[in-house]
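Participant: From first to last, the protein sequence lines stand for chains G, Y and V. Residue numbers for the first sequence follow full-length UniProt numbering, so the first one is 1 and each next one is one higher. Residue numbers for the second sequence follow full-length UniProt numbering, so the first one is 1 and each next one is one higher. Residue numbers for the third sequence follow full-length UniProt numbering, so the first one is 1 and each next one is one higher.
Hints in this document: simulated from the structure, not taken from any laboratory. Just so you know, even glycine gets a beta-carbon here, dropped at the ideal spot from N, CA and C. Some hints here could point you the wrong way.
[To be verified] Pairs of lysine-lysine, DSSO-like flavour, derived with a Cα cap of 30 angstroms:
(1) Lys172(Y) - Lys20(V)
(2) Lys8(Y) - Lys8(V)
(3) Lys222(G) - Lys428(V)
[Said to hold, decoys possible] Some chain Y residues well away from chain G (every beta-carbon gap over 12 angstroms; in silico):
(4) Leu34
(5) Gln50
(6) Arg120
(7) Ser170
(8) Asn187
(9) Ile258
[Said to hold, decoys possible] If you want the ones that stay clear, here's a sample from chain V, every Cβ over 12 angstroms from chain Y, calculated:
(10) Gln86
(11) Pro145
(12) Gly311
(13) Gly376
(14) Glu460
Each chain, written out:
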Amino acid sequence: MGRYIAKRFGQAAIVLLLVSLFTYLLLYMMPGDPVYAMLGGDITREQYDIAYAKMHLGDPLLLRYVRWLFDFVTGEWGNSFKYSEPVRQIIAVRLPVTMYLGVWSIIISTLAGILFGVICGTKRGKAADSVIITCANFGAVMPAFWLAVLGMYIFSLKLGWLPTHGFTMPSEDLGLSIQQSILPLIALSVGGIGGTTRQMRSGMLDVVRQDYIRTARSKGLKESQVIWRHAFRNAVLPVVTLTGMSFRNVVAGAVSIEQVFGIAGMGSLLINSILSKDIAVVQSCIMIISIVVVMSNLLVDILYGILDARIRVE
Amino acid sequence: MDKETKTKIHLFFRRLFKRKLVMLAAILVLFFILTAIFAPLLTPYEPNKQDLTAILQKPSASHWLGTDEAGRDVLTRIFYGARTSLIIGVVSVLISAVAGVTLGLVSAYYGGLLNTVISRFIDVLMSLPSLMLALALGLVFGHSIGSLMIILGISTIPTYTRMMSAQVLSVKNQDYITAERVAGARNSRILISHILPNCFSPILVLLTSNIGMTILAESSLSFLGMGINPPTASWGAMVSAGCSKLLLNPVYGIAPGICVCLLVYGFNVLGDGLRDVLDPRLRGSL
Amino acid sequence: MEHFLEVKNLRVSFTGDIQKSIAVDDVSYYAEPGEVVCFVGESGSGKSVTQLAALQLLPVPPAVIEGGEVWLEGVNIMQYKADSPQMRAVRGGEVGMIFQEPMTSLNPVKTIGVQIMESVILHLKCSREKARERALELLGQVGIPDAAARLNDFPYQFSGGMRQRIMIAIALAASPKVIVADEPTTALDVTTQAQILDLLTSLAAKNNTALILITHNLGIVARYAQRIYVMYAGKIVEEGPAEKIFGHTAHPYTKGLLQAVPRLDDQNRRLVPIDGIGPSPGKRLTGCQFRNRCRYSSEKCCEEQALREIGGGQRSACIWSYEELKEQEKEGAEDERKETEEFGENVLEVKDLRVTYPLRKGILNRKAGELTIIDGISFSIRKGETLGLVGESGCGKTTTAKAILKLLEGTSGRVLLNGRDILPLREKEFRSQRKNIQMIFQDPFSSLDPRKPVEELVGEPLLIHKLVKDRAEYDRRVDELFCLVGLEPSMKNRVAHEFSGGQRQRVGIARALAAAPDIIICDEPVSALDVSIQAQIINLLEDLQQRLKLTFLFIAHDLSVVKHISHRVAVMYLGNIVEISDSEELYAKARHPYTKALLNAVPIPDPAIEQERERRMLPGEVPSVMKRPAGCCFCDRCELSDERCRKEKPELVWDGKKHGTACFQIT
C-alpha cells in the first residue's frame with residue numbers, strides 16, 4: 001500500500017509541476033507586454049521600469065520560472081492590481097466559500113446518485129428505473145448556470161422564498177447561510193447527481209451479470225443480500241473514481257453559479273480577474289484550483305486502493 | 001452500393017431506433033440542424049438588427065418569445081444561436097478527435113518514451129477543470145470563432161486519447177494484430193487498415209456525445225462573456241443577458257437554456273444508442 | 001418418488017431479440033446419494049442450463065422455465081419461487097454448486113474467509129466463531145495449506161486451482177446432499193484437474209453425497225462416472241451406466257464423439273470427425289436433432305424420437321438398435337494414417353533459446369532485474385515433420401512460439417531458419433522473410449480481423465510479399481487456398497463472424513498457407529473447438545501435411561492431441577524442455593518424472609482402461625516463473641529429487657539419437 005501511495009504521489013507531483021509551468025508561461029503567451037499584464041495598463045514609465053527590473057525580464061526564462069515557483073511555494077503570490085491587495089489575502093477569503101459549497105455538492109451528488117443508481121439497477125425495466133434514468137440523463141446535460149437562473153426566477157423572484165444574492169458562511173449566520181446555499185447547491189449538484197446515477201446504474205447492471213453473483217445466489221442468499229453484500233461494493237468502485245473527477249466539474253459549475261448569485265468565491269474571482277486581465281490573480285487561482293483538484297484525485301485513488309485490494313498489487 | 005450493404009445499413013438503423021428514445025433524440029438533433037440551416041427562412045426578423053421601439057417585450061403574436069434589451073426577436077436569435085452552437089460543437093469536436101485519436105494511437109501503439117510524454121501531457125489536461133483551461137486559453141487565443149473552436153477542442157482531447165490508448169492496447173494484443181505482424185505487415189499498414197477501423201465504433205460514440213458536451217461548454221463560456229464576440233447570437237450569452245431581465249421578459253433568459261438542454265440531451269442519447277448498437281459484444285453484427 | 005433427486009420433463013427456453021430458442025427440451029434424470037453422475041455434451045447442448053434451471057438459478061428473463069418437476073427427497077421444489085425461503089434453503093443447503101470459471105466465480109473484493117463463512121452462517125445458523133472453525137475445517141478438507149493464515153486473503157492471491165478448492169469449500173459448507181459441478185476443471189491444467197476431481201469425488205464418496213458432474217471431456221467421464229447422460233441440442237440422447245455407454249455404445253452421436261477424440265493409447269488411428277455443425281438453439285430440427293450429421297440417418301429420423309430402454313439400465317434415443325448400427329457400420333471404418341517416416345533437412349533449429357522479461361521499477365521505469373521465462377531450450381524440426389510442444393500453462397510454450405516468430409524483445413540464443421540465424425536480424429530485414437514462417441492461432445474468434453472480408457485476410461500475405469503478379473492471379477490463388485482448407489470460395493466475401501468456429505479456424509489455416517511457408521507454428525489450434533470440430537481440423541492439418549509436405553511446430557496443452565498429431569514431442573516445464581522423444585516412444589517409455597506424472601493425469605476415454613491404471617498424484621502446482629527452483633526446475637515437486645537436483649541444472653541426456661531426458665535420476 002505504501003508503494004502504491006508513493007507512486008500516486010509522484011504522479012500528482014509531476015502533474016502539478018507541469019501545470020505550474022503552463023501557468024507561468026501563460027503570462028508570456030498572452031498577447032502584449034508582460035509588465036502591463038502584471039500591473040495593468042495604468043502605470044507610469046517609472047513604475048514600468050521598476051517592475052521590469054523586479055520581474056528580472058532580462059534573465060533566462062527557466063531561471064525566472066524557478067524563481068516564480070519558489071515564490072509561489074513560499075506563499076509569495078504577488079499583488080492584484082485590480083483589488084490592490086496581496087493575492088494571498090484575496091484567496092484566503094474566497095477559497096473557503098467555494099470549498100464549502102463544492103464539498104457539500106459532492107457529498108449530495110454522490111449519495112443521491114448512488115441511491116438512485118441502485119434503485120435503477122435493481123428495478124431494471126420497471127417504471128421507477130425509466131423515470132429516474134430519464135431525469136438523470138436530463139440532469140447530466142443541464143447547464144449549471146441555466147439551472148441557477150431558472151431557480152432564481154422561480155424561488156426568489158416569483159415565490160420570494162429564497163434570497164437572490166449573496167453568501168454567508170454558516171459560522172456567521174447559520175439560518176441565512178442555509179437559505180443562501182440552497183439554490184447554489186442545487187444548481188451545482190444536479191449535474192453530478194445525473195452523472196453518478198448513470199454510472200451507478202450501469203455499474204450495477206454490469207455487476208449482476210458476473211459469475212460471483214451467480215455464486216452468491218447459489219449459496220442461497222436472499223436477493224437483497226446478494227445486491228448489498230456482493231453487487232454493491234463492486235458496482236460502487238467506478239463511482240469512487242467519478243467522485244474524484246467531479247471536483248473538476250464543481251469548479252466549472254462554481255464559476256458561473258457564483259456569477260449568477262453574486263457569491264464571492266474562487267470561481268467569480270477567476271472569471272473577474274480573467275476579464276480584467278489581472279494576471280497575478282489568474283495564475284494563483286489556476287495553481288490553487290489545480291492543487292485542490294489534483295489532491296482530491298489523489299485522495300480518491302488512495303480510497304480506491306483501500307476498497308479494492310487488487311489495485312494495490314498492480 | 002450493393003444490396004448486401006443496403007440491408008446492413010437498414011438493419012443498423014432498425015437496431016438503433018428500436019428504442020423509441022433514441023428515435024426521439026435523433027429527431028431532436030435533426031430539428032435543431034434544420035433550424036440552423038434554414039434560420040433565415042423561418043423568421044422575418046434579422047438576428048442582429050436592433051429595434052429600440054420594441055425593447056424587452058413579453059411574448060406576443062409578432063414576437064413569439066418576446067424581444068431582448070436591444071429589441072431583437074428572441075426566437076430569431078435562438079434559431080441563429082443553434083447555428084453557432086452546432087458549428088462550434090461539430091468543428092471543435094473534429095479538431096479534438098483528430099488530435100486526440102492521433103495522440104492515443106501513436107502513444108499506445110509505439111509505447112516507450114513517446115507514450116510517457118503524451119500520457120503526462122494528457123494527465124495535465126485531465127486534471128485541470130476544462131472550463132478553467134478554456135478560460136485560460138482564451139487569454140492566449142482571444143475570442144474569435146476560430147480560436148473558440150480550438151480552445152474547446154483542446155479541452156476535450158484527453159477523452160479521445162484515453163479512449164484510443166485503452167482501445168489500441170486491447171486491440172493490439174488481439175491475435176489478429178499478431179497475425180498481421182506474422183504476415184509481415186508494416187506498422188503503418190497495421191495501424192491504418194486494421195487497428196483504426198476496429199476502434200471506429202467507440203470513436204463514433206464518443207464523437208456524438210462530445211458534440212453535446214462541447215455545446216454545453218460553449219454555452220458556459222458565452223454565459224461568462226468569454227465566448228464568441230457579440231453581436232453574434234449564442235444561447236449562453238442570451239441566458240446571461242436575460243438573467244438580469246427576468247422580471248421583464250423571463251422567456252428571454254430561460255428559453256435558450258432549454259434549447260441547450262434539449263440539444264445536448266439529444267446528442268447524448270444518440271451517443272448512448274450508438275454505443276448499444278456498436279457494443280463490442282455485438283461487434284461484427286454491423 | 002423413488003429417487004433421491006429426480007428431475008422430470010424439464011423444458012427451458014430463452015427469449016431472444018428476434019426469436020425464442022429452446023435450450024432444454026424435455027430432460028429427465030435422477031441421482032442417488034453417493035453416486036457420481038456425469039452429463040456430457042458439446043457446447044450448446046444444454047447440459048449447464050439444465051442444472052441451473054433445476055435450481056432456478058437462471059436469469060428470468062431471458063430464460064423461461066416452461067415446465068418440469070424437480071423432486072428432492074420427495075418434495076417438488078419447482079413449486080417454490082426462485083427467491084423463496086424454501087428454494088434458498090435448497091441452494092447452498094441441500095445442493096452445493098461449483099462453477100467453471102474459478103477466476104471469476106469468487107467475489108474479488110471480499111476475503112475468502114468471509115465468503116465461506118457466509119454460507120456456513122446462512123445454513124447452519126451458528127455464531128461467527130463456530131463459522132470460522134467450520135471454514136478452517138473446510139479449507140483443511142479441500143487441501144489449502146496454512147488455512148488459518150489464508151482466511152483473510154482475497155481471491156486474487158490464489159491460483160486457479162486453489163480458487164476452485166475454495167469454491168468446493170463453499171459448496172460443502174452446509175454438508176449438502178447433492179453437489180453439482182459445472183465443468184469444474186475446464187479452465188485448469190491437467191495435473192490440477194486430476195487433483196481437483198479426485199478431491200471432489202473422494203469427498204462426495206466419504207459424505208455419501210450425490211455428485212453431478214458436467215463436462216465435455218470424455219476422459220473425465222470414463223475415469224469418474226458411474227452413470228452417464230449424453231446430451232445433444234437440448235436433449236438427452238443416451239443414458240446408462242458408464243461401462244455400457246463406453247462398451248455398448250448405442251447412439252450414433254455418442255459413437256461419433258468417442259471416435260472423434262484422440263486418445264493417449266491410439267496407435268496411428270485416423271480420427272473420425274462428426275460432419276457439419278450442431279443446430280443452433282433457434283433452429284431446431286424436427287425429430288432427431290442429430291439426423292443431419294448422422295451417417296445412419298433415414299427418413300424415419302424426422303419423427304420424434306423418445307428414449308427407449310435397451311437393457312441393463314441403458315436408454316438410447318435412436319431408431320436403430322445397437323445391433324442394427326453395428327451392421328450398418330462401414331467395413332474398416334477406422335482407416336490407418338499414412339505415415340511418411342522420411343523427413344528432409346532441418347527447417348528450423350533452435351539452440352539455447354532464452355527469453356527474459358525486464359522487471360521495471362519506479363516512475364522512470366528503470367530496469368531493476370530480469371525474469372527468465374525461457375531458460376535455454378534447444379530443438380530442431382525437419383522438413384515434413386511435426387514437432388509437438390506440450391506443457392501446462394506458464395511453461396512457456398506460447399512464449400517459445402512468439403520468440404521464434406520474432407514477436408518478442410529480450411531473446412538470446414540462436415534460431416536458425418533454413419540454416420540462417422534470424423534472431424539478430426532487424427525487423428526491417430526480417431520482414432521479407434516472414435513469409436517463410438507462419439502461424440495458426442488458438443482462438444478462431446480473435447485471430448481474424450472482425451471488420452475485413454476473410455478474402456482480404458487470406459490474400460494479405462500474397463500482396464505484402466508480392467507473390468502474385470496481377471488481380472487475376474490473386475483471385476485464383478485465394479480461391480485455391482479456400483478449396484485447400486475445405487471452404488467454398490463463394491464464401492470469401494463474408495466477414496469472420498459469419499463463419500462457425502471450425503470454419504474460422506480453416507480461414508486461419510488458409511492465411512497461414514498463403515505465402516507457402518517452410519514452417520507453420522500452430523499455437524493450440526484446436527483447443528478452443530468442440531470435440532467433433534476438433535477432429536475435423538486435426539484431420540485437415542494431417543492431410544495438408546501429406547499433400548504439401550508441410551512442417552509444423554504444434555503447441556498444445558492437450559497431451560492426447562499432441563501425441564496424436566506429432567511425430568516427435570517435446571515436454572516443457574517452467575521454461576525448460578525436460579524430455580523430447582518420438583511420440584510413440586514417449587507414451588510407452590516416458591522417463592522424466594514430470595512426463596510420467598503428466599501422462600498419468602490424462603484420463604483415457606475408456607472406463608475399462610481407467611480402472612486398470614495405477615494412479616499417482618503429482619503434488620502441488622506449477623509455480624510461477626518468478627519462483628523457479630535453482631537447480632532442476634521440477635525438483636520441488638519430484639519424489640526422486642536429491643541434493644544434486646536442487647543445486648545443479650540437468651541438461652538433456654540423449655539415449656541414442658532420439659530420446660533426450662533432462663534428469664539426473666535417470667540412468
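Participant: Was arginine 120(Y) rightly flagged as not at the interface, with every chain G Cβ beyond 12 angstroms?
Facilitator: About 6 angstroms separates arginine 120(Y) from the closest Cβ of chain G, which leaves it inside 12 angstroms; violated.
Participant: Mind checking the alpha carbons of lysine 172(Y) and lysine 20(V) for me, to see if they're no more than 30 angstroms apart?
Facilitator: violated, 37 angstroms
Participant: Does the no-contact call for asparagine 187(Y) survive, Cβ to all of chain G over 12 angstroms?
Facilitator: holds, 28 angstroms
Participant: Test the statement that serine 170(Y) is away from the interface with chain G: the closest C-beta pair must be farther apart than 12 angstroms.
Facilitator: Per Cβ check, serine 170(Y) is outside 12 angstroms of chain G; nearest 17 angstroms; holds.
Participant: Quick one, are lysine 8(Y) and lysine 8(V) close enough, alpha carbons at most 30 angstroms?
Facilitator: Distance ~44 angstroms between lysine 8(Y) and lysine 8(V) Cα, so the pair is violated.
Participant: Is glutamine 86(V) truly not at the interface, in the sense that its beta carbon sits beyond 12 angstroms from all beta carbons of chain Y?
Facilitator: For glutamine 86(V), whose nearest Cβ neighbour in chain Y is about 36 angstroms away, the distance exceeds 12 angstroms, so it holds.
Participant: With d taken as the least Cβ-Cβ distance between proline 145(V) and chain Y, does d exceed 12 angstroms?
Facilitator: holds, 34 angstroms
Participant: Beyond 12 angstroms from every Cβ of chain G: is that where the Cβ of glutamine 50(Y) lies?
Facilitator: holds, 24 angstroms
Participant: Regarding the pair lysine 222(G) and lysine 428(V), is the alpha-carbon distance no greater than 30 angstroms?
Facilitator: violated, 61 angstroms
Participant: Would glycine 311(V) pass as off the interface with chain Y, using Cβ distances and a cut of 12 angstroms?
Facilitator: With a cut-off of 12 angstroms, glycine 311(V) remains clear of chain Y, as the shortest Cβ separation is near 48 angstroms.
Participant: Is the nearest CB of chain G more than 12 angstroms from the CB of leucine 34(Y)?
Facilitator: Non-interface label on leucine 34(Y) holds, nearest chain G Cβ at 21 angstroms vs cutoff 12 angstroms.
Participant: Just checking, glutamate 460(V) versus chain Y, shortest CB gap more than 12 angstroms?
Facilitator: Its Cβ does come within 12 angstroms of chain Y, the nearest being 6 angstroms, so this is violated.
Consistency with the previously given hints fails for numbers 1, 2, 3, 6, 9, 14, ordered from lowest to highest.
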